[in-house]
Amino acid sequence: MDEIRGLVVTEEGLVEQDLMRDTLTKEMWVNMGPQHPSTHGVLRVVLALEGERIVDTEIYIGYLHRGFEKFAESKTYPQFLPITDRLDYISAHAMNYGYVLAVEKLMGIEVPLRAKYIRTLMAELTRISSHLLWLATHALDIGAMTVFLYCFREREMILDLFEMVCGARLTTSYFRIGGVANDLPDGFIEKCREFCNIFPQKAKDYDDLILKNRIWLARTINVANISGEEGLNLGLSGPSIRGSGVKWDIRVSEPYGVYDKVEWEMAVEDGCDVYARYLVRLKEMRESCKICQQCLDFLEKDDSGEFRAKVPKVIKPPEGEAYACVEAPKGELGFYIVSDGSTKPYRLKIRAPSFANLMSLPKMVEGALVADVIAAIGSIDVVLGEVDR
Amino acid sequence: MNWANLFFDLFAVIVVILSVITITRRNAVHSAIALMMAFVGLAAIYVILGAELLAAIQVLVYAGGVMALMLFVIMSVKSDEQNQVKQTHAQTLIAAFVGVLFVVEIGVTVWMGFLYKNTGALAKSQLAAMGNTEALGTVLFTKFLFPFEVASVLLLAAMVGAIVLAKYKLER
Amino acid sequence: MGENEKAPKKKLTKEEAIALAKARKAAKAAEAAKKEAEEPKVDLDSLPLVKAIKKEHAEAIEDIKFANNELTITVKKDYLLPLCRWLKSDPETAFDYLSEVIGVHYPKNEEKPLQVVYHLFSTQKNHRLRLKVNLAEDEEVESVYPVWRSANWYEREAYDMVGIKFANHPDLRRILLPEDWEGHPLRKEYPLQGPEGYREKWLRRHCRNTNAL
Amino acid sequence: MLLEIGIALLKIIVVFALALLTVAYLTYIERKVIGHMQVRMGPMRVGPHGLLQPIADGLKLFMKEDIVPYEAYRFTFYFAPILTLVTALILFAVIPFDKHFAITRLNIGVMYILSIASVGVLGILLAGWASGSKYPILGGLRSAAQMLSYEIFLGFSIIGALMISGSLDLVKIVESQHVWNIVYQPVAFVIYIIAALGEINRVPFDLPEAETELVAGFHTEYSGMKFAYFFLAEYANMIIVCSMATILFLGGWRGPVLPGFVWFLIKLFALIYFFIWVRATFPRYRYDQFMKIGWKIMLPIVLANIVVTGVVMMMVQGG
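Chains as they are written, first to last, in our numbering: chain A, 1 to 389; chain B, 1001 to 1172; chain C, 2001 to 2213; chain D, 3001 to 3319.
What the hints contain is simulated information worked out from the structure, not anything from laboratory work.
Treat the hints with caution; some may be incorrect.
The list that follows gives simulated cross-link-like pairs (lysine-lysine, DSS-like), each with its CA atoms no further than 30 Å apart [said to hold, decoys possible]:
{"no.": "1", "chain 1": "C", "residue 1": "Lys2165", "chain 2": "A", "residue 2": "Lys344"}
{"no.": "2", "chain 1": "D", "residue 1": "Lys3292", "chain 2": "B", "residue 2": "Lys1167"}
{"no.": "3", "chain 1": "C", "residue 1": "Lys2112", "chain 2": "C", "residue 2": "Lys2025"}
{"no.": "4", "chain 1": "D", "residue 1": "Lys3296", "chain 2": "B", "residue 2": "Lys1167"}
{"no.": "5", "chain 1": "A", "residue 1": "Lys363", "chain 2": "D", "residue 2": "Lys3292"}
{"no.": "6", "chain 1": "A", "residue 1": "Lys310", "chain 2": "C", "residue 2": "Lys2025"}
{"no.": "7", "chain 1": "C", "residue 1": "Lys2028", "chain 2": "A", "residue 2": "Lys313"}
{"no.": "8", "chain 1": "A", "residue 1": "Lys313", "chain 2": "C", "residue 2": "Lys2025"}
{"no.": "9", "chain 1": "C", "residue 1": "Lys2112", "chain 2": "C", "residue 2": "Lys2076"}
{"no.": "10", "chain 1": "A", "residue 1": "Lys344", "chain 2": "C", "residue 2": "Lys2088"}
{"no.": "11", "chain 1": "A", "residue 1": "Lys247", "chain 2": "C", "residue 2": "Lys2088"}
{"no.": "12", "chain 1": "C", "residue 1": "Lys2065", "chain 2": "C", "residue 2": "Lys2088"}
{"no.": "13", "chain 1": "D", "residue 1": "Lys3032", "chain 2": "A", "residue 2": "Lys363"}
{"no.": "14", "chain 1": "A", "residue 1": "Lys310", "chain 2": "C", "residue 2": "Lys2028"}
{"no.": "15", "chain 1": "A", "residue 1": "Lys212", "chain 2": "D", "residue 2": "Lys3292"}
{"no.": "16", "chain 1": "C", "residue 1": "Lys2054", "chain 2": "A", "residue 2": "Lys70"}
{"no.": "17", "chain 1": "D", "residue 1": "Lys3032", "chain 2": "A", "residue 2": "Lys212"}
{"no.": "18", "chain 1": "C", "residue 1": "Lys2112", "chain 2": "A", "residue 2": "Lys70"}
{"no.": "19", "chain 1": "D", "residue 1": "Lys3134", "chain 2": "B", "residue 2": "Lys1167"}
{"no.": "20", "chain 1": "D", "residue 1": "Lys3172", "chain 2": "D", "residue 2": "Lys3099"}
{"no.": "21", "chain 1": "C", "residue 1": "Lys2022", "chain 2": "A", "residue 2": "Lys344"}
{"no.": "22", "chain 1": "A", "residue 1": "Lys344", "chain 2": "C", "residue 2": "Lys2112"}
{"no.": "23", "chain 1": "A", "residue 1": "Lys316", "chain 2": "C", "residue 2": "Lys2065"}
{"no.": "24", "chain 1": "C", "residue 1": "Lys2077", "chain 2": "C", "residue 2": "Lys2054"}
{"no.": "25", "chain 1": "A", "residue 1": "Lys283", "chain 2": "C", "residue 2": "Lys2125"}
{"no.": "26", "chain 1": "C", "residue 1": "Lys2022", "chain 2": "A", "residue 2": "Lys313"}
{"no.": "27", "chain 1": "A", "residue 1": "Lys344", "chain 2": "A", "residue 2": "Lys313"}
{"no.": "28", "chain 1": "A", "residue 1": "Lys70", "chain 2": "C", "residue 2": "Lys2065"}
{"no.": "29", "chain 1": "A", "residue 1": "Lys344", "chain 2": "C", "residue 2": "Lys2028"}
{"no.": "30", "chain 1": "D", "residue 1": "Lys3296", "chain 2": "A", "residue 2": "Lys212"}
{"no.": "31", "chain 1": "A", "residue 1": "Lys75", "chain 2": "C", "residue 2": "Lys2065"}
{"no.": "32", "chain 1": "C", "residue 1": "Lys2125", "chain 2": "A", "residue 2": "Lys344"}
{"no.": "33", "chain 1": "C", "residue 1": "Lys2077", "chain 2": "C", "residue 2": "Lys2125"}
{"no.": "34", "chain 1": "C", "residue 1": "Lys2014", "chain 2": "A", "residue 2": "Lys75"}
{"no.": "35", "chain 1": "A", "residue 1": "Lys75", "chain 2": "A", "residue 2": "Lys316"}
{"no.": "36", "chain 1": "D", "residue 1": "Lys3064", "chain 2": "B", "residue 2": "Lys1143"}
{"no.": "37", "chain 1": "D", "residue 1": "Lys3032", "chain 2": "D", "residue 2": "Lys3064"}
Using the sequences provided together with the hints, build the complete structure.
Below you can see the structure in the form of structure tokens.
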């Protein structure tokens, strides 16, 4: 049945015609962002809606473009380090880590073991704090307000630890080429251990609030689906792709730091939906906490090692190119550096995980509702500082 | 007595003015607002006449439900067209016919009222004893049960029809 | 490398300084040469990846390099797309992930100043590969979008920043910069703070409140 | 005659003044309660323990610039918040806080509340439309669908209680409750609370103003006093639905020892506390899920409840 025939009053009088002939519905275009409470910064998603169902999505980025890559070409290698903090500003250590690894690879510097442990510890603390912020905002997006403040309570503890180490809480710049800026201060290990002991209990609070909450399940299960294959094809990496059953974690596949020396488990879920990505990140936080404990064990036992390698005063890598990547909280963070033998990089390219992850958003929200877009953006955890660079 | 009469006249005038506004405004939403206020004024008249239940239902069904649906439709129409409701005169004949019919109907009712004084289903004394709502309920479920059920079936049919139409559009 | 730090702090005359710098440069060159000689030459053909590629797509290879534990293959422009298709589909290489596409500008190479770098990764085999394509200024390289969807934005960025044109890209627009931006900022000749007067021009065109200028 | 009018006026003034004050302080209570649930203090700056915060908020809203968007339909844009607030406030007219303390006593009090509340929806709908912006339109459409459908369940859920009490008069309903209606009508009470959450747009059903999806829903474009009207109306509605629950299911002012209105307030604020608690606990439902819950789960339950109540009543009264 294609049409409903019926009598219609027209200018020629009563005429029998298809009643549905003139009921054309047009989709409505809605700008979500760049100023929207839950696009996490200046992301702009343009949605074509039919009712509340999405028929088309287009993503516009670049509102936070600060030209870091061009900037790098006019800064010396150590000078560029603080700039990397501003990429993913909520996980600065991880950003530093990727950069120093690339420079060290280019120069062939071997980092002392103690420095590696400190770096790993910091990177994992950063991962916890980043995931905490993610959980907080993601839950807030879906409407669970209390989780937000609980997460911030624990994140505050981590930021206090960062402050102890280097004086800064957000843009830390604690790493140096060849090691870290200074050794851990007195009392840090005790305080950090205290956090690691408390954290699993606190994480249970979040579970109590949302893990089995029916509304949470209804909002996340089977929402924003993406299969592993599609995800890889679209450049998805990190926890987001592990939520689609792909066993790929750079900490395992190309271990750096001391990830091959500590015991932990890769978090993988098969759900392919928002809930699976949520579970992956929750597990990752717990695993990170485990890694931190082991790093602390080592650092406590042996406090004699160097915290920085012998590095020339002027960093002048030989001509060549190098690509180093780390598993940042959002996914594969890579730095590709081309050196022409001078003190400044000839070309530096940042492979930002959020930039690549964002590409799968249109695929995820195909045919979904407006509310699902929010859940999807939250579940891939974008940070616009990193997307736009 | 005079207070009630005064207010009756006042509300009657207001309702008439609002009704005129309703059909003369070009902006559909403004018409809708005027219509809604006319409904509320009508409810006030009912209250003055001592038919509180009718007044409440008037507001609930017309000013609340029907108006919300009307606004819903107006809002769903494309934004630049919703202001200008297209005026065609294709329905003049039908409209005139319906209008005449309506006038005749009301005239007959009023005339009957003058002719037979007590046209209500219940005598005034009965009403006073039971209270408005209860009296209406009693009459509806005893004397007028059959018409009541017929009306229900009619509404049910309309509802089924609406669902069929909506479903049809969804499937297409 | 330690001698740099211990260099005497007395003032040098200009000639002396030039001579010292020359001597240092020579020493460094010699050192580099020595290092190169010392470095164990990796037998490229022994690498399984190289073997596989040479077997299937020998004609595509322009150059192979192995440095910093990374394999780099320079590919002839026209062979890129078939090679990528094969790299993804072959079970032995299985490069299912495109990490990034980078545009690099080498104005010194006058013939082919533009270079596109592809970083591939295989989640199954756990290996990485870098492909390079050199381009002349007016040349276009085939987009790898049909192979990896993620190339969409990567290539847009390379176009935006360096001005590399990709043939058959579904949607080659600027991505980070506004659509009416002029020039490609990551080219070497593009000044760090933008061309002279460009900022004012652009703001005048886009800002209502010109007092901000 | 004059005395009567005077008393009526006095009652109106007292009730509305108290209602507005309660509404204002409700925002304070909500912020404090939620704050303490979320391991923080809530407002602390203005006055001792932030007690003057609502007044400061009111002043701020009063002095804020009154923005009318360029695309807005001016008349409707002004009309909508007033309609919303007025309909919310005139509901207080029939609420009996004590046996003899209500502005007026209607013999169809329940119908009055339902009907006026249904007009309140129009304010939100019009606000969404008049803003001339897309998010408010989406919010307005959502709220229209939501409030219309949830009004139905709200209405049905109280029918059981009305059948037992045998009256539409709020005073009579309370007087008939020698045992609280909640004992006879537990299912209806639960449905009523859920429907009320939907009706007044509170978490987990705050879809029309879901701030993370639709920015602020229907009142995105509103600022200053016009925003304050919506804000006040929302909290006034919260008090109304809680008072209705108190009257219909919890025995109104009935209770031992303490005077009636104290009992009424205790019950009222216990319910309000529950509403606030819900807000701190739950995430938000998605729109389609929410409608599904209403039409596919709550409606059948509530209809079954009416049938069961009727059958049981017939059996008890012996036909």
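Hints versus structure:
Between Lys2165 (chain C) and Lys344 (chain A) the CA atoms are separated by roughly 27 Å; this keeps the pair inside 30 Å, and the hint holds. Between the alpha carbons of Lys3292 (chain D) and Lys1167 (chain B) the distance comes to roughly 16 Å, so the proposed pair stays at or under 30 Å and holds. Distance hint between Lys2112 (chain C) and Lys2025 (chain C) is fulfilled; the C-alpha atoms sit about 29 Å from each other, no more than 30 Å. Between the alpha carbons of Lys3296 (chain D) and Lys1167 (chain B) the distance comes to roughly 16 Å, so the proposed pair stays at or under 30 Å and holds.
For the proposed pair Lys363 (chain A) and Lys3292 (chain D), the alpha carbon gap of about 26 Å is at most 30 Å, so the pair holds. Taking the CA atoms of Lys310 (chain A) and Lys2025 (chain C), the gap is near 22 Å; set against the 30 Å cutoff, the hint holds. Distance restraint check for Lys2028 (chain C) and Lys313 (chain A): the Cα-Cα separation of roughly 17 Å lies within the 30 Å cut-off, and the hinted pair is therefore satisfied. This hinted pair checks out: Lys313 (chain A) and Lys2025 (chain C) have alpha carbons roughly 18 Å apart, not beyond 30 Å.
The suggested pairing of Lys2112 (chain C) with Lys2076 (chain C) holds, with an alpha-carbon distance near 12 Å, which does not exceed 30 Å. Note on Lys344 (chain A) and Lys2088 (chain C): the hinted pairing is violated, with a Cα-Cα distance of about 35 Å set against a maximum of 30 Å. Straight-line distance between C-alpha atoms of Lys247 (chain A) and Lys2088 (chain C) comes to about 18 Å, which keeps the hinted pair within the 30 Å bound. Restraint check: the Cα-Cα separation between Lys2065 (chain C) and Lys2088 (chain C) comes to about 21 Å, which is no more than 30 Å; the hinted pair holds.
Straight-line distance between C-alpha atoms of Lys3032 (chain D) and Lys363 (chain A) comes to about 42 Å, which puts the hinted pair past the 30 Å bound. For the proposed pair Lys310 (chain A) and Lys2028 (chain C), the alpha carbon gap of about 19 Å is at most 30 Å, so the pair holds. About 20 Å separates the Cα atoms of Lys212 (chain A) and Lys3292 (chain D), which keeps this hinted pair within 30 Å; it holds. Of the supplied pair hints, the one linking Lys2054 (chain C) and Lys70 (chain A) is violated, its CA atoms being roughly 37 Å apart against a limit of 30 Å.
As the CA atoms of Lys3032 (chain D) and Lys212 (chain A) are separated by approximately 27 Å, the hinted pair is consistent with the 30 Å bound. In summary, the hint linking Lys2112 (chain C) to Lys70 (chain A) is supported, as the alpha carbons are separated by about 21 Å, within the 30 Å threshold. With a C-alpha separation of about 26 Å, the suggested pairing of Lys3134 (chain D) with Lys1167 (chain B) holds against the 30 Å cut-off. Distance check on the hinted pair: Lys3172 (chain D) and Lys3099 (chain D) sit about 10 Å apart at the alpha-carbon level, within 30 Å; holds.
For the hint linking Lys2022 (chain C) to Lys344 (chain A), the alpha-carbon distance of about 21 Å falls within 30 Å, and the restraint holds. For the given pair, Lys344 (chain A) sits about 23 Å from Lys2112 (chain C) by alpha-carbon distance, which is consistent with the 30 Å threshold. Note on Lys316 (chain A) and Lys2065 (chain C): the hinted pairing holds, with a Cα-Cα distance of about 22 Å set against a maximum of 30 Å. Of the pairs offered as hints, the one joining Lys2077 (chain C) and Lys2054 (chain C) holds, with about 17 Å between alpha carbons and a cut-off of 30 Å not exceeded.
For the hint linking Lys283 (chain A) to Lys2125 (chain C), the alpha-carbon distance of about 25 Å falls within 30 Å, and the restraint holds. For a cut-off of 30 Å, the pair hint linking Lys2022 (chain C) to Lys313 (chain A) stands: about 20 Å separates their Cα positions. As the CA atoms of Lys344 (chain A) and Lys313 (chain A) are separated by approximately 14 Å, the hinted pair is consistent with the 30 Å bound. Taking the CA atoms of Lys70 (chain A) and Lys2065 (chain C), the gap is about 27 Å. The hint holds against a cut of 30 Å.
A distance of roughly 18 Å separates the Cα atoms of Lys344 (chain A) and Lys2028 (chain C); the hinted pair therefore holds under the 30 Å criterion. At roughly 23 Å between alpha-carbon atoms, Lys3296 (chain D) and Lys212 (chain A) fall within 30 Å of each other, so this suggested pair holds. A hinted pair counts as satisfied when its Cα atoms are at most 30 Å apart, and Lys75 (chain A) with Lys2065 (chain C) qualifies at roughly 28 Å. Between Lys2125 (chain C) and Lys344 (chain A) the alpha-carbon distance is near 35 Å, which puts this suggested pair outside the 30 Å criterion.
A hinted pair counts as satisfied when its Cα atoms are at most 30 Å apart, and Lys2077 (chain C) with Lys2125 (chain C) qualifies at roughly 26 Å. As the CA atoms of Lys2014 (chain C) and Lys75 (chain A) are separated by approximately 27 Å, the hinted pair is consistent with the 30 Å bound. A threshold of 30 Å between alpha carbons decides the hint, and for Lys75 (chain A) with Lys316 (chain A) the separation of about 12 Å falls inside it, so the pair holds. For the given pair, Lys3064 (chain D) sits about 60 Å from Lys1143 (chain B) by alpha-carbon distance, which is inconsistent with the 30 Å threshold.
Proximity of Lys3032 (chain D) to Lys3064 (chain D) is assessed by CA-CA distance (about 24 Å); at most 30 Å being required, the pair is judged to hold.
Going down the numbered hints, you'll see the structure goes against 10, 13, 16, 32 and 36, while the others check out.
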